[in-house]
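J.: Protein chains in written order, with my numbering: chain A, 1 to 300; chain B, 1 to 340; chain C, 1 to 329; chain D, 1 to 522.
Simulated from the structure, these hints should not be mistaken for lab results. These numbers were taken from a predicted model, which means no experiment stands behind them. Any given hint could be a false lead.
Claimed, not checked - Simulated restraints, written as ranges between beta carbons of each label pair:
#1 PHE32/A - SER49/C: 40 to 46 Å
#2 LEU42/A - ASP262/D: 46 to 52 Å
#3 ASN85/C - VAL101/A: 55 to 61 Å
Unchecked claim - Some but not every residue of chain B turned toward chain C, in silico, with C-beta under 10 Å:
#4 ASN125
#5 ALA127
#6 LEU128
#7 ASP129
#8 ARG233
#9 TYR236
#10 THR239
#11 SER242
#12 VAL243
#13 ILE245
#14 SER246
#15 VAL251
#16 ARG257
#17 ASN258
What the hints assert, rightly or not - Straight line, CA to CA, 25 Å or less: simulated SDA-like cross-link-like pairs of lysine to any residue:
#18 LYS58/A - GLY356/D
#19 LYS410/D - ALA35/B
#20 LYS439/D - ARG42/B
#21 LYS58/A - PRO303/D
#22 LYS405/D - LEU26/B
#23 LYS183/A - GLY123/A
#24 LYS410/D - ILE22/B
#25 LYS279/C - ARG307/C
#26 LYS454/D - PRO45/B
#27 LYS124/A - LYS50/B
#28 LYS98/A - GLU391/D
#29 LYS264/D - LYS73/A
#30 LYS155/D - PHE4/B
#31 LYS73/A - PRO377/D
#32 LYS373/D - GLU65/A
#33 LYS98/A - ALA47/A
#34 LYS180/B - ASN194/B
#35 LYS155/D - LEU17/B
#36 LYS405/D - ASP33/B
#37 LYS180/B - GLU206/D
#38 LYS373/D - GLY82/A
#39 LYS233/D - ILE22/B
#40 LYS180/B - ASP204/D
Where a beta carbon is used, it is the ideal one built from N, C-alpha and C, also for glycine.
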Amino acid sequence: MKKDAPHHRPHGRARELQRSLDLIRRNPLTLFGLFILLMLTLTALLAPLAAPYPQQGKGLSNLDERLEPPSFKHLMGTDDLGRDIFSRVIFGARISLKAAVAVVLIVVGIGVPLGLIAGYAGGKTDDLIMRFADMILAFPSLLLAVAIVASLGPSLFNALIAVSLPWWPWYTRLMRSQVISIKEMPFVESAAAVGASHWRIMFRHILPNCLSPIIVQATVDMGYIILAIAGLGFLGLGTQPPTADWGVMVSDGREFFLNQWWISTFSGGAIFITVLAFNLVGDGIREALDPKIRWRFQKT
Amino acid sequence: MLRFVIRRFIWLGFVLLGLCVITFVLSRVVPGDPAALYVGPRARPEQVEKVRAELGFDKPLYIQFAYYLRDITRGDLGESLRTHRPVVTGILDHLPASLELMISAILIALAAGVPIGVISAKNENTALDHFSRFFAVASTSLPSFWLAMIFQIIFFRLLGILPIGGRLDTVVALMHPIEKITGFYLIDALLTGNWTAFKDAAWHLILPSITLAAYSTGLIVRMTRSTMLEVLREDYITTARSVGISENEIVFVQALRNALAPTLTTAGLCFAYMLIGTFYIEIIFFWPGIGKYITNAILQNDYPIIMGVALLMAVFYVLVNLIVDVLIAVVDPRIRLGKE
Amino acid sequence: MATPPNRQPILSVENLRTYFHTPDGLAKAVDGVSYHVHPGETLGVVGESGCGKSVAALSILRLIPTPPGEIVSGDIRFNNQNLLNLSTRRLRGIRGRRISMIFQEPMTSLNPVFTIGYQLSRVFSLHNRLSKKAARRRALEMLAACDIPSPERIMTSFPHELSGGMRQRAMIAMALGCRPDVLIADEPTTALDVTIQAQIMALMLRLKEQFGMAMILITHDLGIIAGSAQRVVVMYAGEKVEEAPVAGLFHHAAHPYTAALIQSLPVLGRRETFLKEIKGMVPPPHQDIPGCKFADRCHEAVDACRRRRPQLKEIEPGHLVACIRRTDS
Amino acid sequence: MNVQHFIKTAVVCLAVGTMVTLTATPGAAAKLPRDILVFASTDSVTTWDPSASYSTESVYMPNIYEPLIWVSPPGSETSFEPGLAERWKASNDGRMWTFYLRRGVTFHDGSRLTAQVVKDSFERTMRMGKGAAFILDPIDVIKVLDDFTVQFILKEPAPFDRIAASANGAWIISSRGVVKDRDWFEQGREAGCGPYVLESYKPDEEIIFARFEDYWRGWEGPHFSKIVVKIVKEAPVQEQMIESGVADLGNRIPVESSKTFDRKPCCDRLVGPSFMNYAVHLNTQRFPFDNVKIRKAVSYAMPYHDMIDVALGGLGRQAIGPVPFGQFGHDESLFQYAHDMQKAKALMAEAGYPDGIEETVVYTYATENAVEKSFAPLLKEALAEIGIPVEIRPMNWTAQWDWVKGDPEKAQHMAALLWWPSFSDPYETLYSLWHAEEKPYWNFSYYRNPAFDKTILAAYATPAEDEARALYSRAQKMLIDAAPSVFLFDVERPVFKRRELKGYVINPNYPRVPFWYYMYKE
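Could you build the full structure based on these sequences and the hints that come with them?
T.: Right, here's the structure in full:
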């Protein structure tokens, strides 16, 4: 039933963007998320200035003030080496954000070119790439990540690799579907008609037109990636001491958490808030761009 | 339908083969000598060499892989390097505890997530909707290991009303032991009429299953909400209104039934992934399930267990997906399997 | 054929305003429309897509999604009660029992996950306190009455298993099962094949006679109106521009828009939409236009048309028109 | 309708669930019966085979099995106590050891103790060559002289009394068990004659032991009839279990709570030496630790007491040489490096690096080891202060070891190592860790000193305890002077228990073993 309701009117692309921005601006949850992200990025960038005890944030011990509860001197208390938790949480933000960006870059770096090739080439190449991607997706990703770190040895770098490897096929899928919808468009065909090479067509003509959903997806994924990396850190498979890492701090605090609750509580809270912020923003962006988009499943 | 199922099983075969290759390769690039691990600490180099030959680690890789595949087809997943117990036995010992936890978690997630999602959709853009969306996003953002610890601090340490972990109280386990029939404590306790143990087991289930359910609840809320929003805009909803059907019946029966397929898919995926979600939760609540089994193995580089459990999880994951697809075809008559 | 003027209308819409709050502003989808229908009468409502005829119809049973829609003012009188003031509970007693609706898209108007039998008998048991069995029997009867072959099989079928025509018959069966006093048919045949269209139309008219209902037939197709309605209301951009007995309308259409509609009627088998033949576009609904909304497309328009909103005036008994060129000259 | 049903069922389930929750009153759990001991333990069982056992299960083994003789706890009048052998003697050259067995000892399976059983047990362990079997390497022949006399002929002189009393590899197995293969034991079976019988076993979860009625010492006086071992690796959980009375005994609670555990009315803590010690081994084949002055500077720089405080909650003693406090061969009079930054810096200057070195040194430790993890940052800070930049690199234990076993020129500069002796003689420790090796294996510092090798060998072959002790002291002095390793601390192991639990015996020769037979509840 086509309602007579006067909803359907043609919009320009700029108009659409404006509308999306409006929707984002009007959603209080998204704004809240954006605000947190801004604060986080700022503190991460200015960590040495923002942290009250920057040396302790980097790992210097302070044995005179071990396991002190939160106070004005130490807002979030101190850990078993007497280090200020607040400073370490701030320095941990650096690691988490850096790691998430790195994973996104790796994942996009692998997934997007493969999707581009699969979608553009079609046929056997497409089949081969997509079957492989499907197979990777059929594995439980966290398990794969854990197995990879367990074999490569625990370090932040290996954790990044391990989180990235099971993740890229999502981007291959997304990219491929974009490419397929774009490749028949006139501007691509005309480029081919004037004799542009396949590489040129793929990277100069198709790729720039497929990027916006990739960027959206990457924003949304940041939260999950932080969660995944924190999880590996918690299992002792990620960042190694004395670098401040939220997941590791939660795990360290587990030794004391029933009495000295503040170590795990605040570091885990930092993970939660960050992931929440990314998810709120991602949620808002998605809602604005395409309310029908299905939430992709990704368990950490 | 049958053809569809068969095709999925063939696909499962490929996935498993791929997984075997991956886990096998990973297990062979492990730094550290599995033979040394097998013999134990303080072993002499000669002993290690002897064991290396015994376990076939001195053979070329492809032959080792062939042996590995042969053993798998015989239902032999090898034995733990550390405890020397068969991995299959280990899995069977630990699986019921995990399943019990997962099933209660998915029931909680559905029981909480579907109504919240429906109510949220029905009241789109109201304060209630914003609140439940925030709830949904928040519960998918929670690091489960942290949530578990917070629960322990609050409900065990501060309030003292729930146990800190385990499946059964030590004293109850001694005085009212649960006879093992299925391995599910609740069921076994019911079957044997062991009320004390039943209550205690249920009591122990609460925190772990709520923690495990948190992520799925959020996803189910979101999924239910977004599909319900779509469904509520459908013409047949207007039709139903136009013939005088009450709003509650429209929302909770006519619309929900349409939204059920995607919700069930989500729930199914959640369930499949829960086996991994139990990783953290079982460690923190020391729940003796698969998650605890494999995390112990990971920390000790006991790779036959890692490989075995990885295989199990992949099979479980693909099977649950298959079951979900079949189930959806039952719920939603528009979907017919095999017609792709 | 003409309706005795002293009879009370069974349903009347008075000065209805239904607005939508859209991101682009307030859209006045229905802006002060009135019409009525007498027992046993068929009222045709015509107009292009987007003229507000469906919104008006949905407003009668308060089926407008709120938000974004809102019935701002007006009266909808049915049997001397104002439907707009009724409690939802009592309104539900009227929906489907006293006033029924049939929609344009038979493909999407039935719930895809329930059997036809379930959907029909649910309505009947709801309104008549029938047992499950009795409701099913009634459903079977109705399906048979709607010329559906082997109704038992259809009862257990899902909507997607039926053809469009069959689905629309099932819709009619559902709408008429409780013997309503008024049937609102919103483009009931538009989505169907030409051959089926005629059958469905014939079926509706037959059942209308049989049950003695009043009917509001909403369509953009004047051809259908010509064969079935007694009176016609022409709507343009949310307003009623002309109302006349069907014969009067076709013989001397007063409003230039109506005239254009009639001229664009297909001639003997040549079927095409009239939209092409009226130049220009309907003005956007959220745009405030001081004068006649049709002026920009009207070849008779003068300056006065753009300045002043034309009022409805009776130019002969039962024939009203809103055009200053007709009423002020 | 299905959906309605579903909703109804869900509501009913929730309601029932809530009711169950409400009626199941927790809190005051039923008291534990007096004759049951619940032991919260971190130790899993890696094998039930007494010949292969050489890991955490050795906490339980001495309650199931018995050796020929036991080593007495430090401070006892005699070095040894009789076990299944009532008396024993060694020949003067230390190569022939004769044991006279106790009569009337019954195994759990009903079979009897004879000399043949002893011979078969030792031969089984030697034949399998698993676990700690290497300690039996000196054995040449085992002779059954009569039903209750067994004689060991050794290839070379060795302190066989210490070997026979080992906590690993020297258990006596019944005649029925000794013929079984390892798989038979791994099902959760045993074949011992100790005070407790293995009743049920859930891996990594629970082990239940029942008392063996025919135990040769008899059951007079207060004893437990059942032991329930709950395997709980989480320190805070063990703490809660003991505090709430769910467990009577535990072996790991959070370091911080451990300090004040004694002050609680319900609970207390016992502390004893453990023979475990931590050392950091310096790669003597690589710059900068090829320089003895820099090695000594490292030994002076370590904040020993802070490390003990942070990593062990104060439960440890700064090491004096490589042999831990309480073990045979330990010498309190040896030189001990004190934490002295002035001296450390002076030594760096003497070595020619007053401003420190440029190169970053790599320090590895085993990720599995929480203690090593917790003192690593302190080590890094201390060395940074004397101008040695450190990169901490935690690795899986096997990976760390693999690196050590590779080319010394490319191996890590420093590696942490937890060590404990397989039996109570220091020879194994000194030989394994500092004896010159062709191919690196346990010699983490790649230390080479023929004089050292000769001295420890002489000590091992000397049956007279005082002479042997003097030789071991001389060998240790060489190590302290050359400083190839930093001897950090000897671990003191605490035990946490309810106050009403009595009779806990600490014997560091059997590290962390709770001897249940002597325990009872008041």
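J.: Would you mind marking each hint as holding or not holding in the structure?
T.: So, going through the hints one by one against the coordinates:
Restraint check, PHE32/A to SER49/C: a C-beta distance of roughly 41 Å satisfies the suggested window 40 to 46 Å. Taking the beta carbon of each, LEU42/A and ASP262/D are about 48 Å apart, inside 46 to 52 Å as hinted. Checked against the hint of 55 to 61 Å, the pair ASN85/C and VAL101/A passes, with Cβ atoms roughly 60 Å apart. Hint status for ASN125/B: holds, given a least beta-carbon distance of 8 Å to chain C, under 10 Å.
Interface restraint check for ALA127/B: the shortest CB-CB distance to chain C comes to about 14 Å, outside 10 Å, so the restraint is violated. This hint is violated: LEU128/B has a C-beta 15 Å from the nearest C-beta of chain C, more than the 10 Å allowed. A cut of 10 Å between beta carbons decides the hint on ASP129/B: the least distance to chain C is about 12 Å, and the hint is violated. Residue-level restraint check for ARG233/B holds (minimum Cβ-Cβ distance to chain C is 8 Å; threshold 10 Å).
For TYR236/B, the interface hint holds, since its Cβ comes within 10 Å of a Cβ in chain C; the closest pair sits about 4 Å apart. Restraint check, THR239/B versus chain C: the minimum CB separation of about 5 Å is within 10 Å; hint holds. Look at SER242/B: its Cβ gets to within about 4 Å of chain C, closer than 10 Å, so that hint holds up. The closest approach between the C-beta of VAL243/B and any C-beta of chain C is roughly 3 Å, which is under the 10 Å cut-off, so the hint is satisfied.
Interface hint status for ILE245/B: upheld, as the beta-carbon distance to the closest one in chain C is roughly 7 Å, under 10 Å. Because the smallest distance between the Cβ of SER246/B and any Cβ of chain C comes to about 6 Å, under 10 Å, the interface hint for this residue holds. At about 13 Å, the closest approach between the beta carbon of VAL251/B and any beta carbon in chain C exceeds 10 Å, and the interface hint on this residue is violated. This hint holds: ARG257/B has a C-beta 5 Å from the nearest C-beta of chain C, less than the 10 Å allowed.
Among the interface hints, the one on ASN258/B holds; its C-beta lies about 5 Å from the nearest C-beta in chain C, closer than the 10 Å criterion. With a C-alpha separation of about 21 Å, the suggested pairing of LYS58/A with GLY356/D holds against the 25 Å cut-off. Taken as a hint, the LYS410/D and ALA35/B pair is honoured in the structure, with Cα atoms around 24 Å apart against an allowance of 25 Å. In summary, the hint linking LYS439/D to ARG42/B is supported, as the alpha carbons are separated by about 16 Å, within the 25 Å threshold.
Using a Cα cut-off of 25 Å, the hinted pair LYS58/A and PRO303/D holds, with the two alpha carbons roughly 20 Å apart. For the hint linking LYS405/D to LEU26/B, the alpha-carbon distance of about 22 Å falls within 25 Å, and the restraint holds. Under the criterion of a C-alpha separation no larger than 25 Å, the hint pairing LYS183/A with GLY123/A is consistent with the structure, at around 14 Å. Simply put, LYS410/D and ILE22/B have alpha-carbon atoms about 30 Å apart, too far for the 25 Å limit, and the pair is violated.
For the proposed pair LYS279/C and ARG307/C, the alpha carbon gap of about 21 Å is at most 25 Å, so the pair holds. Using a Cα cut-off of 25 Å, the hinted pair LYS454/D and PRO45/B holds, with the two alpha carbons roughly 23 Å apart. Only pairs whose Cα atoms come within 25 Å are accepted, and LYS124/A paired with LYS50/B is rejected, the gap being roughly 48 Å. With a C-alpha separation of about 21 Å, the suggested pair LYS98/A and GLU391/D falls inside the 25 Å cut-off, and the hint holds.
Restraint check for LYS264/D and LYS73/A: not satisfied, since their Cα atoms lie roughly 30 Å apart, outside the 25 Å limit. Distance check on the hinted pair: LYS155/D and PHE4/B sit about 71 Å apart at the alpha-carbon level, beyond 25 Å; violated. For the hint pairing LYS73/A with PRO377/D, the CA-to-CA distance comes to about 23 Å; that is within 25 Å, so the pair holds. Restraint check for LYS373/D and GLU65/A: the C-alpha separation of about 19 Å stays at or below 25 Å, so the hint holds.
Taken as a hint, the LYS98/A and ALA47/A pair is honoured in the structure, with Cα atoms around 13 Å apart against an allowance of 25 Å. A hinted pair counts as satisfied when its Cα atoms are at most 25 Å apart, and LYS180/B with ASN194/B qualifies at roughly 12 Å. For a cut-off of 25 Å, the pair hint linking LYS155/D to LEU17/B is broken: about 53 Å separates their Cα positions. Only pairs whose Cα atoms come within 25 Å are accepted, and LYS405/D paired with ASP33/B is accepted, the gap being roughly 11 Å.
With a CA separation close to 15 Å, the supplied pair LYS180/B and GLU206/D stays within the 25 Å bound. A distance of roughly 15 Å separates the Cα atoms of LYS373/D and GLY82/A; the hinted pair therefore holds under the 25 Å criterion. With a C-alpha separation of about 31 Å, the suggested pairing of LYS233/D with ILE22/B is violated against the 25 Å cut-off. At roughly 18 Å between alpha-carbon atoms, LYS180/B and ASP204/D fall within 25 Å of each other, so this suggested pair holds.
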